[in-house]
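**Q** Those sequence lines, one after another, are chains A and B. Residue numbering for the first sequence follows the numbering used here, starting at 1 and increasing by one per position. Residue numbering for the second sequence follows the numbering used here, starting at 1 and increasing by one per position.
Derived DEER-like restraints, expressed as beta-carbon distance ranges: (1) B:Q177 <-> A:R200: 32 to 38 Å; (2) B:D79 <-> A:A280: 36 to 42 Å; (3) A:V211 <-> B:K68: 50 to 56 Å; (4) A:E15 <-> B:A172: 33 to 39 Å; (5) B:H204 <-> A:V400: 56 to 62 Å; (6) B:D79 <-> A:A233: 55 to 61 Å; (7) B:A2 <-> A:R199: 48 to 54 Å; (8) B:D79 <-> A:H102: 54 to 60 Å; (9) B:N109 <-> A:A244: 45 to 51 Å.
From the derived model, a few chain A residues whose C-beta atoms are all more than 10 Å from chain B: (10) N96; (11) W183; (12) V185; (13) I187; (14) L218; (15) V234; (16) Y238; (17) E239; (18) E250; (19) K312; (20) R336; (21) G402; (22) L407.
These aren't lab readings, by the way, just hints derived from the structure by calculation. Given the structure is predicted, the values throughout are model-derived calculations rather than measurements. We put the beta carbon where it would ideally sit given N, CA and C, even for glycine.
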Amino acid sequence: MTHLRNLMARLEIDERLLGMIFCLAAIWIGFDILSDGRFVTPRNLYNLSLQTTSVAIMAIGMVLVIIIRQIDLSVGSMLGVTAMVVGVVQAFWLPNVLGAGHPMIVVIAVVCGIVLGAALGGLNGLLIGYLGVPSFVVTLGGLLIWRGCAWWVTQGQTVAPLDETFTLLGGGVYGTIGETASWVVGIIAVLAIAIAAHRRRRRRIAYGFPVRPLWAELLTAGSQCALALGFVAVMNAYEMPAVAAQRLAEMEGWEVPAEGLQIFMGIPIPVIILIALALAVSLLLNRTRFGRYVYAMGGNPEAAERAGINTKRMTVLVFTLMGALVGISAIVASARLQSAGNSIGSLDELRVIAAAVIGGCSLAGGAGTIAGAILGAVVIQSLQSGMSLLGYDASLQNIVTGLVLVLAVYVDRLYQQRRPY
Amino acid sequence: MATPLVDMRNISISFGGVRAVDDVSVDLYPGEVVGLLGHNGAGKSTLIKILSGAYEADHGEIFIDGEKAAIRNSRDARDYRIETIYQNLALADNLDACANLFLGREIVNAAGLLDEPAMEAAAREVIGRLNPNFRKYHAPVAALSGGQRQSVAIARAVHFNARILIMDEPTAALGVQETRMVAELIQQLKREGIGIFLISHDLHDVFDLSDRLSVMKNGKLVGTVRTQDVTKDDVLGMIILGKMPGQAAA
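The task is simple: from the sequences and hints, build the whole structure.
**A** This is the structure:
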C-alpha cells in the first residue's frame with residue numbers, strides 16, 4: 001500500500017480521480033456482463049454521452065458554487081424557465097419576425113438562453129453576496145419560483161417543434177460533427193496534451209525545480225492521449241442507422257452505393273460544447289486569479305477578505321457563471337428533446353449536486369474539480385441507463401442513485417481521515 | 001542615537017467616552033523587537049490597530065523614519081510597509097504555501113494567467129531564507145505544522161517588503177519545538193533590519209524574544225524597560241500592579 005502511495009505521489013496522480021475512473025470501469029463492466037454485452041457498445045456509449053451532457057454542463061458551475069461554500073438548488077427550475085423562454089422565442093416570436101428557418105433564429109435563441117440564465121444566476125448572487133440571505137434559502141425559493149414561471153410562460157403548453165438548426169445542438173441523428181472532424185478533434189487533443197506537458201516540464205527545469213521522472217511524465221500524458229483517442233474511436237464506431245443515412249443521402253443528393261451507405265456518427269455537438277466549457281472553466285479555475293480566489297474563499301473566507309479579495313463580488317460572479325451554464329444546459333436539453341415543456345429539468349438540481357459531490361466536491365467548501373464533477377455525472381447517468389437497460393424502473397434507479405451518493409461521500413470521508421499528507 | 005523606525009507619540013483614542021488608549025508613546029528601532037504587554041483590555045491591541053490602519057487616533061502623531069505619517073486605512077499602512085500577522089494567521093488552509101504567499105497579489109503573465117513557476121521561485125527564495133528546512137511547497141497549508149504555517153505567514157509579509165511587522169500572539173498556540181522555530185524566524189527578521197512589535201498578554205511568550213518591553217494597563221502606558229535590565233517578576237509587577245520596578249504600588 002505504501003509502495004502504491006509512493007508510486008502515485010511520484011506520478012503526481014490525483015488518487016481520487018483515478019479511484020473514480022476505476023469505479024466507473026467497474027460499473028460499466030458489471031452492466032455489460034448483466035446485459036449480455038449490450039452496455040459497452042458504441043451505440044450505448046454514444047447515447048450515454050448525450051444523456052450526460054445537460055447535467056454535466058451544470059455540474060461544472062456547481063463545482064464553483066460548492067467550493068465557495070454555497071449551494072444552488074434552483075438550477076433545475078432555472079433550466080425550466082430558460083428553456084421555455086428560449087422555446088417561445090424561437091418557435092413563436094422569431095419566425096413571425098424573421099420568417100421560419102431563418103439562420104439567425106438559432107443565434108438569437110442561444111444568446112437569449114445564455115443571457116437569461118446568467119441574469120437569473122446573477123440575481124441569486126446579489127441576494128446571497130450583498131443582502132446576505134443564505135444561498136440555501138435563496139435558491140430553495142428559486143426552485144419554486146422559477147418552476148412556477150416556467151409554467152406561466154405558456155400556461156403549461158409544451159413548445160414544439162423547435163427550430164431545426166437549433167435541435168442539432170442537442171445531438172440527435174444529425175447533430176454530430178462527423179467522422180473526419182472527430183478525428184481532427186482527437187489529434188488536436190493529443191497535440192495539446194503533449195505540448196502542455198512539454199512546456200510545463202521545460203519551465204520547471206528552467207527554474208531548477210524538481211521534476212517528475214520522464215517515464216512518469218510519458219505515462220500520464222500517454223494515458224490522457226489514449227483516453228482522448230479512445231473516446232473518438234468509440235464515437236466514430238457508431239454507425240448511423242440505415243434509415244437516417246438514407247434520408248441524409250437524399251437531402252444532400254449523394255449517390256447511394258449498391259452495398260448501402262455506411263456513415264459513422266462521430267462526436268455529438270453537445271458533447272463538443274461540454275468539452276469546450278469544461279476546458280474553459282478549468283482554465284479559469286486553475287490558472288487565473290479568479291479561480292485562485294474561488295478556492296481561497298472556500299478555504300478561509302476571512303483570509304480571503306484580509307488579502308483584499310472582494311468576496312461579495314466574487315459570489316455574484318460565481319452565481320452568474322452558474323446561471324450562464326444553466327442557460328447553455330437549457331439549450332442543449334430542449335434541443336435534444338426537440339421541445340420545451342414546463343417540467344423540463346425537474347429534479348436536475350439533485351443530479352447536478354450529486355454529480356459534483358460524487359466527483360469530490362466537499363460541501364464544507366474549498367475542494368472540488370471540474371473533471372471529477374463530470375465523471376460524477378457520467379457515473380450517475382451510467383447507473384440510470386444501465387438499470388433501465390436491464391429493465392428496472394425509475395423508482396429503483398432513484399434508490400440506487402441515492403445510495404451511491406451517500407456511499408461515495410462516506411468513502412471520501414474515510415479517505416480524507418486516513419490521508420497522511 | 002539613530003532615528004526610530006516607528007515613533008508613536010501621545011496617542012489617545014476613545015470609544016463612546018471610554019479612553020481605550022490614553023496618551024501612550026512607544027517607539028521601535030530597526031532590527032529591534034518590542035514586546036507590547038498587558039491584560040486583555042489594557043489597550044495594546046487598540047494601540048497597534050492605530051498603527052496598522054484599522055483605527056484612527058483622536059490625538060497624537062505617528063512618525064515613520066522620523067517623518068510624520070498619515071495612516072488612515074490598511075492600504076496606507078501597507079504603503080508604509082507595515083504588515084500585520086494575525087493570531088489565526090489568515091491562511092487559506094486548502095491552498096499551498098505559494099498560493100497563500102501571493103494571495104491577493106498573484107503574479108500573472110501577459111495573458112492574465114497565473115505564473116506559477118515565477119511565484120514558486122519567489123516563494124522558495126523567501127521561505128527558504130527564513131526557514132531552510134521548509135520542503136512542503138505543494139502541500140495544502142492545513143498539512144503544515146504550526147511553525148511552518150507561521151513561516152508562510154511571515155514570508156508573506158517579508159516578501160512584500162515589510163519593514164515593520166506586527167505579530168499578534170505569535171506563539172500562543174504553539175508547542176516547545178514550534179516556539180523555538182518562531183524564535184529563530186524572529187532572529188532572522190531582526191538580522192534583516194525589520195522592526196517587530198510582539199503583542200501578547202502572556203509575559204512568558206515574549207520575554208526571551210523581546211529587546212524592550214512596553215507594558216500597558218487600563219489604556220495607559222505603565223512604562224518601557226529594556227529586557228536585560230529587568231526580571232520576569234519585575235515585569236509581572238508592571239502588568240498586574242501597573243507600577244515600574246522599584247516603585248511603590250500606585
